[in-house]
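Residue numbers (my numbering), protein chains in the order written: chain V, 304 to 419; chain A, 11 to 122.
Where hints are given, some of them may not hold.
Partner residues are not named here, just some residues of chain A that face chain V (Cβ under 10 Å, in silico) [stated by the list, open to error]:
id: 1; residue: Y46
id: 2; residue: Q48
id: 3; residue: L99
Just so you know, the hints here were simulated from the structure itself, not pulled from any lab data. Glycine is no exception: its CB is placed at the ideal position from the N, C-alpha and C atoms.
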Amino acid sequence: DGGITQSPKYLFRKEGQNVTLSCEQNLNHDAMYWYRQDPGQGLRLIYYSQIVNDFQKGDIAEGYSVSREKKESFPLTVTSAQKNPTAFYLCASSTGLAGDSYNEQFFGPGTRLTVL
Amino acid sequence: LAKTTQPISMDSYEGQEVNITCSHNNIATNDYITWYQQFPSQGPRFIIQGYKTKVTNEVASLFIPADRKSSTLSLPRVSLSDTAVYYCLVGLDNNAGNMLTFGGGTRLMVKP
Chain V
304 DGGITQSPKY LFRKEGQNVT LSCEQNLNHD AMYWYRQDPG QGLRLIYYSQ
354 IVNDFQKGDI AEGYSVSREK KESFPLTVTS AQKNPTAFYL CASSTGLAGD
404 SYNEQFFGPG TRLTVL
Chain A
11 LAKTTQPISM DSYEGQEVNI TCSHNNIATN DYITWYQQFP SQGPRFIIQG
61 YKTKVTNEVA SLFIPADRKS STLSLPRVSL SDTAVYYCLV GLDNNAGNML
111 TFGGGTRLMV KP
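Go ahead and model the full structure; you've got the sequences and the hints to work with.
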């Protein structure tokens, strides 16, 4: 089955610790994205990547870092510099950069991060 | 900076047709309009996409006027399971390439 996976589903960390969220896709998609969603709010773009070894900041990149060493993987690190890291994090992928033409984004199930 | 404007919430009853309108005054020539549906604690899923006039698939229709500054998602005969948040997205040009912005979405509540 092709799809996009995120792990873990729930994650708890102590304040001040860095934490890395996993995102893997086997859809052979070039573009990948990370979004953050707070309760009752829409999605906000953190980072996106159009191709391996390249990524761009989204609207709220401060306190986050990413890497794209492989086409299939786009891990997100939430650093201690992120002031309010508790949120629902969603990863997505698409064949090309979504919005330009017919490039549907496929979303993973999300990771709910709680910082204690 | 908000790029799309949708109603925050809407209520409907089972069996009714629901129309959700999105304003996107700054839409660029090459931008497509895409709608997604999201259930609680899940990732959004694609519903429909269009460029102009009307697009219809098995779940919805999308109406886009000639000036493309707005679009309307139409859900025929909604059921309780259509209760969700609906997002309108428009591709945007910037120096780094096209980028999508999810606004706050429209919370649709379907009642029995």
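So, against the hints stated earlier in the document, which numbers end up violated here? none
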